[in-house]
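Colleague: Sequence:
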Amino acid sequence: MGRRPLIGLTGSRHVRQSQLPGLPLMAVTVSDDYAQGVEAAGGVPVVIPYVNDGAVLGGLAERLDGLLLTGGDDVDPNLYGEEPQIGLGALEPARDRIELALINMMRAQNKPILGICRGMQVLNVALGGTLYQDLPRQWKGKLQHSQKAGRGEATHSVRLQAGSRLSACYQGETVVRVNSFHHQAVKSVAPGLQAVGWDADGLVEAIEGSDADSWLLAVQWHPENMWRTDLGALGLFQALVEAAT
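Residues in the sequence shown are numbered from 103 upward in steps of one, following my numbering.
Be a bit skeptical, because a hint or two may be false.
Stated by the list, open to error - Computed beta-carbon distance windows for the label pairs:
hint, residue 1, residue 2, range
1, 156, 316, 16 to 24 Å
2, 333, 253, 17 to 25 Å
3, 188, 104, 49 to 57 Å
4, 244, 104, 47 to 55 Å
5, 127, 254, 28 to 36 Å
6, 246, 123, 16 to 24 Å
7, 199, 264, 34 to 42 Å
8, 199, 240, 24 to 32 Å
9, 206, 274, 30 to 38 Å
10, 195, 245, 25 to 33 Å
11, 212, 148, 15 to 23 Å
Source of the hints: derived by calculation from the structure; they are not laboratory data. Glycine included, C-beta positions come from ideal geometry on N, C-alpha and C.
Can you build the whole structure from these sequences, using the hints too?
Modeller: This is the structure we're talking about:
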């Protein structure tokens, strides 16, 4: 068996309480579901630390074979030219900085990137797109995007572009059922990306690179919570690992 591709996972930084004396510990956290999805697909997951030296981050990007941008808090609207609006949630400036840098580094090396939820949003912003800061206040649709059902339960449908990379992950299906836990979404799709998934109201639910030679794919739902029972969700992880091989 050949070397399994190394897939970097971004995460959020949180204060971790400790019984030890001194300042609280800062920890980068990533749900096991992401890492285990990469593992099940044949890759080796590694959590990316928050480093201050760009050269260190660049060295890490050189060693990675692929990048998985995971879910998290809101993207800073200043990054896409907007002032903060009512309804904007918590921000992660340090995470924004690291993810934007990693996206640029991985793209420069033509390495694959998969974005999930916030990951889709930050990928779109990195390439010049914009976001709805708060769907209940800014979007005309009526669909529930912050579901009350369990994380692994599919609650609404998404129409996929026939012939897209995303549709191939779902065995050629053009309508799939997904879970939904978000209040932000893509507003204008960035240059170099194209919409390939929409909900019943027309909201963009998935994007991918418009250049066939550039492997970029991102979804608004959470396949990491569904891959154990949903072949299409697993297919997203498998496609990333295959592209990174």
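Colleague: Confirm or reject each hint.
Modeller: Going through the hints against the structure:
1. 156 with 316: 16 to 24 Å: holds (23 Å)
2. 333 with 253: 17 to 25 Å: Roughly 18 Å apart at Cβ, these two residues keep to the hinted range, so it holds.
3. 188 with 104: 49 to 57 Å: Between residue 188 and residue 104, where Cβ atoms are some 52 Å apart, the hint holds.
4. 244 with 104: 47 to 55 Å: holds (49 Å)
5. 127 with 254: 28 to 36 Å: With a Cβ separation near 30 Å, residue 127 and residue 254 satisfy 28 to 36 Å, so the hint holds.
6. 246 with 123: 16 to 24 Å: Since the Cβ atoms of residue 246 and residue 123 sit about 46 Å apart, the hinted range of 16 to 24 Å is violated.
7. 199 with 264: 34 to 42 Å: Given about 37 Å between the Cβ atoms, the range holds.
8. 199 with 240: 24 to 32 Å: Holds, at about 25 Å.
9. 206 with 274: 30 to 38 Å: For residue 206 and residue 274 the Cβ distance comes to about 33 Å; the hint holds.
10. 195 with 245: 25 to 33 Å: holds (30 Å)
11. 212 with 148: 15 to 23 Å: Holds, at about 20 Å.
Checked against the numbered hints above, the structure violates only hint 6.
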